[in-house]
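Asks: Build the full structure now, drawing on both the sequences and the hints.
Each chain, written out:
4 protein chains.
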Amino acid sequence: MTESGREGGSVLLRGWDDYERGSLLLTAAPRAGLGHAALRTRSPEALERRVAALRADGVEVTRHEGSLGHGTAYRFRDADGHLFELYYDTEWYEAPDALRPALKNQAQRFPARGVNARRIDHFNLLAVDVRACREFFQRNLGLRCTERIELDDGTEAGMWLTATNKSYDFAYTREAHGHHGRFHHVTFALDSREDVLRAADVFLEAGVPIETGPHKHAVQQTFFLYVYEPGGNRVEVANAGARLILAPDWPTITWTETERKKGQAWGLKTVETFHTHGTPTLDDLA
Amino acid sequence: MTESGREGGSVLLRGWDDYERGSLLLTAAPRAGLGHAALRTRSPEALERRVAALRADGVEVTRHEGSLGHGTAYRFRDADGHLFELYYDTEWYEAPDALRPALKNQAQRFPARGVNARRIDHFNLLAVDVRACREFFQRNLGLRCTERIELDDGTEAGMWLTATNKSYDFAYTREAHGHHGRFHHVTFALDSREDVLRAADVFLEAGVPIETGPHKHAVQQTFFLYVYEPGGNRVEVANAGARLILAPDWPTITWTETERKKGQAWGLKTVETFHTHGTPTLDDLA
Amino acid sequence: MTESGREGGSVLLRGWDDYERGSLLLTAAPRAGLGHAALRTRSPEALERRVAALRADGVEVTRHEGSLGHGTAYRFRDADGHLFELYYDTEWYEAPDALRPALKNQAQRFPARGVNARRIDHFNLLAVDVRACREFFQRNLGLRCTERIELDDGTEAGMWLTATNKSYDFAYTREAHGHHGRFHHVTFALDSREDVLRAADVFLEAGVPIETGPHKHAVQQTFFLYVYEPGGNRVEVANAGARLILAPDWPTITWTETERKKGQAWGLKTVETFHTHGTPTLDDLA
Amino acid sequence: MTESGREGGSVLLRGWDDYERGSLLLTAAPRAGLGHAALRTRSPEALERRVAALRADGVEVTRHEGSLGHGTAYRFRDADGHLFELYYDTEWYEAPDALRPALKNQAQRFPARGVNARRIDHFNLLAVDVRACREFFQRNLGLRCTERIELDDGTEAGMWLTATNKSYDFAYTREAHGHHGRFHHVTFALDSREDVLRAADVFLEAGVPIETGPHKHAVQQTFFLYVYEPGGNRVEVANAGARLILAPDWPTITWTETERKKGQAWGLKTVETFHTHGTPTLDDLA
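Protein chains in written order, with our numbering: chain A, 535 to 820; chain B, 535 to 820; chain C, 535 to 820; chain D, 535 to 820.
Simulated from the structure, these hints should not be mistaken for lab results.
The reader is advised that the hints may include incorrect statements.
For identical chains, the list gives no copy identity; a pair is met inside one copy or between any two copies.
[As the list claims (entries may be wrong)] Derived DSSO-like pairs (lysine-lysine); straight-line CA-CA distance at most 27 Å:
{"#": "1", "residue 1": "LYS638", "residue 2": "LYS803"}
{"#": "2", "residue 1": "LYS638", "residue 2": "LYS796"}
{"#": "3", "residue 1": "LYS638", "residue 2": "LYS795"}
Fair warning: this is a prediction, and the values are worked out from it, not measured in the lab.
Replies: If you want it as structure tokens, here you go:
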């Protein structure tokens with residue numbers, strides 16, 4: 535990750551091939567968690583349409599200026615209370631001389647250090663009512679749900695949404711403790727599974743706590759590794775191989791409770807903290 | 535590659551995660567080359583719009599039924615004379631029991647043999663007038679040009695077009711001998727660069743002629759390996775890492791003649807046959 | 535694995551680059567387990583010296599002819615009762631035409647199918663008294679102990695021995711149930727960690743039960759994957775990267791009980807079956 | 535590479551898992567090339583035996599004290615005039631706190647930067663009479679020749695020698711210009727082919743000239759990448775997969791001129807500079 539801006543208590547960070555100036559804005563705060571999630575629309579017109587759709591759905595949308603790294607944003611809250619932004623105007627990253635890449639079709643020099651995070655991939659939020667959140671985004675942003683989990687009692691335990699050919703741009707999993715607005719993790723894409731393994735060694739040596747992995751998810755089949763950053767937020771580095779959702783009419787895959795109990799693709803059991811740890815933490819909220 | 539259908543002199547083949555029944559239709563013919571290229575639209579309405587746009591542009595479009603693997607197609611020729619099809623109705627692949635995957639979000643069992651071709655990635659055609667072809671597809675199909683090569687004399691020597699977040703869905707490079715309708719190669723996506731290296735060993739042992747690679751392209755940065763199939767067509771297996779074109783306003787990258795003379799990303803010189811070998815071959819056309 | 539011989543109830547198997555005719559002899563038996571382990575000496579003279587050393591140590595050594603794949607062997611039992619053979623005369627593998635490799639410095643064609651097991655790497659046996667076994671082999675075969683585990687109460691829980699630059703040629707771990715002569719696993723070396731990941735997919739699709747992994751061992755740092763073959767024996771596929779023991783005076787690394795409780799390199803907890811499952815199984819022995 | 539010592543005009547460098555204090559001693563000099571090559575014997579007795587063997591063969595051997603990183607050395611010149619040292623007493627690397635590894639069976643912290651050179655692997659020297667050099671080392675040091683190249687006219691064009699299970703510890707290739715004592719390259723082992731590919735990107739971005747690769751050698755089958763360090767010496771990073779020479783009676787593989795003309799394993803032609811560039815350079819020697 536490279537720092538690409540700083541303002542007030544915030545630092546803007548980026549993967550080496552993120553095309554925008556930054557993809558992760560760290561802001562000093564009394565406790566860990568998600569400040570807001572920002573999504574870029576495909577065009578100024580798409581931005582107008584989405585804002586209109588949200589308002590027509592009864593959602594309060596406010597205009598927000600002065601974001602570090604992008605232009606005018608429109609803010610709203612999802613069905614669980616997480617703060618979102620939509621924007622179109624953005625700052626393209628301009629590499630300073632020292633970070634100018636050898637190949638001009640890449641945003642920034644390939645780094646010789648760290649874990650080689652190429653670009654932001656997705657984020658995952660906790661929600662008390664996952665189904666309501668999914669329907670909110672499908673209805674108001676036109677996102678497609680590629681995979682989901684439905685428990686035996688009909689509860690929706692997870693859902694993965696996309697606006698691109700990536701199999702998901704963000705996901706929600708169930709908050710079992712009744713708290714709203716919690717954050718599960720943010721994920722950066724690495725170029726190979728080997729890079730994920732190498733990241734595990736880099737994290738091990740740096741004393742970064744590894745929660746689980748490397749292993750392959752059954753859902754979405756990404757090769758994953760989860761760690762905690764010093765503030766307590768969970769961060770994932772992952773690789774999806776050449777898997778993309780290229781079918782325009784991809785039918786949502788629904789996983790059952792029995793299927794999910796099998797654990798991850800090669801049998802790793804899902805660690806308990808994956809269902810409990812989020813930010814703010816339960817201790818923060820107690 | 536798995537066979538998924540056969541009809542007359544044709545055999546339908548597929549990568550193990552292609553969602554459609556087939557992605558490559560081999561047809562017995564007196565000489566190698568491209569029969570036709572078929573593109574699936576995002577919706578039935580998109581299909582209608584594209585057919586209308588082509589006709590409005592003066593292109594002759596004919597309806598074609600009975601394709602193995604998909605429904606009604608609309609046929610036309612590009613500015614260089616290659617035969618294209620557009621279609622929306624398709625057959626989703628249904629794996630027979632023996633090829634049913636362990637994970638239900640994948641089309642077919644991961645193969646324990648061969649080179650692990652996951653899905654078709656793109657094809658590359660030769661054209662006498664590359665610029666005319668690019669403009670044809672941009673004008674009539676609304677495709678985006680992500681990268682291109684322009685020689686010092688202004689000639690367009692190559693161009694890469696996409697309708698997705700893949701950095702290209704097909705490409706054209708310059709035909710220097712004045713022949714129309716020639717085929718350069720078809721590419722299947724593998725999951726990792728390691729898979730490409732392993733494919734090189736598999737091809738070596740199987741006596742499949744390797745033309746060039748493995749190496750990394752400067753243009754589009756894919757890790758590539760080119761071989762010839764027994765009929766003489768060039769086939770590529772490649773991996774793009776986590777590189778995607780996620781910017782909706784991605785500006786076309788234009789490579790100069792000087793830049794291209796540097797060879798591939800790590801310095802490999804482009805082999806001479808890459809500029810001369812296509813199918814039908816020059817011998818076929820002599 | 536390729537079959538390279540068959541005799542009576544036995545089938546000889548080999549990795550694609552094992553230089554000997556076979557490296558694994560499967561023999562029909564009422565229950566799973568180790569028939570015998572065979573080690574090749576560096577020379578005929580070394581064989582004589584080792585036999586003499588064993589006899590001088592009071593070990594009964596018998597001459598054995600007629601092994602499938604190698605010549606005269608000398609048989610003895612280790613301190614836990616496992617049957618061992620020493621031999622020097624062997625049959626070098628001669629690939630039949632269909633399996634002749636493209637490069638003549640390799641034993642057999644690189645396989646386009648299966649998990650690409652290059653060569654046998656090591657085996658692991660259970661022993662009631664690990665320390666006695668280690669001392670037996672150090673005293674009589676002159677092997678070096680590269681790493682070992684010593685519990686807080688002084689019990690030796692594991693030890694890794696080598697006669698080469700590989701960090702171990704075989705290992706022993708503690709049998710906690712008082713049974714002698716049990717087998718833990720046999721391991722084949724793959725060329726990369728990516729190959730181990732690919733093997734996980736191959737095993738998953740083939741319905742081969744995965745016990746644990748892929749992950750990286752803390753002890754010896756190999757990247758591992760453990761499965762059960764249909765007879766119940768545990769099989770490992772592993773990759774050691776470029777790690778070799780090149781120091782002639784390498785001091786044994788001793789791991790403490792506290793260190794081992796941390797689990798594997800990146801934190802994976804050692805699965806319970808790893809301490810209980812061996813062959814014959816506890817049920818076989820009940 | 536980490537610096538582990540400095541004295542006079544010399545800097546001692548090491549791979550992150552070299553067990554000795556250093557593996558590469560850089561010394562300021564008016565022109566590039568090999569100062570000397572140092573080999574560690576297996577025991578003090580082996581050192582005495584080798585010195586005696588050299589002297590019995592009429593080779594002048596002188597005692598040398600004060601080497602940075604190891605104890606008393608015995609110096610001699612090979613049949614081409616390169617300076618060699620034999621030593622046994624060495625300094626084991628002791629990592630300072632900041633470089634102490636998470637796992638105690640590794641010499642130094644896995645680096646989060648650079649090309650992850652684990653350990654020195656081998657070096658390659660140019661010789662006017664390769665055969666004489668091979669015979670010199672076989673006769674006096676008891677090394678084994680695992681592979682060699684013999685041209686149609688009987689000239690020996692290359693040979694690879696080992697004292698370990700690595701397929702070679704050093705190699706010689708033919709000097710076609712009649713100069714003695716030239717250096718071809720030094721090689722560091724990386725853990726995977728992926729690491730070699732990543733190194734190519736790191737070198738590309740750092741402006742380090744890449745001579746050839748990544749590709750797979752036909753001889754010895756290592757996956758290689760050659761670059762030039764700023765002083766002009768050629769440096770290789772390579773990975774051998776799980777290939778080892780485990781047969782104590784491995785027969786030398788002899789490659790013919792015809793076989794070598796096929797190029798490297800997957801067909802890459804050997805670049806011309808590989809036969810001409812050495813240090814001192816031909817310009818230095820003109």
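Asks: Is the C-alpha distance from LYS638 to LYS796 at most 27 Å within one copy, between copies, in both cases, or in neither?
Replies: between (45 Å within a copy, 13 Å between copies)
Asks: Go through the copies and call it for LYS638 and LYS795: within, between, both or neither, with a Cα cutoff of 27 Å.
Replies: between (46 Å within a copy, 15 Å between copies)
Asks: Are the CA atoms of LYS638 and LYS803 at most 27 Å apart within a copy, between copies, both, or neither?
Replies: The answer is between: 18 Å across copies meets 27 Å, while 43 Å in one copy does not.
Hint violations for this structure: none, all hints satisfied.
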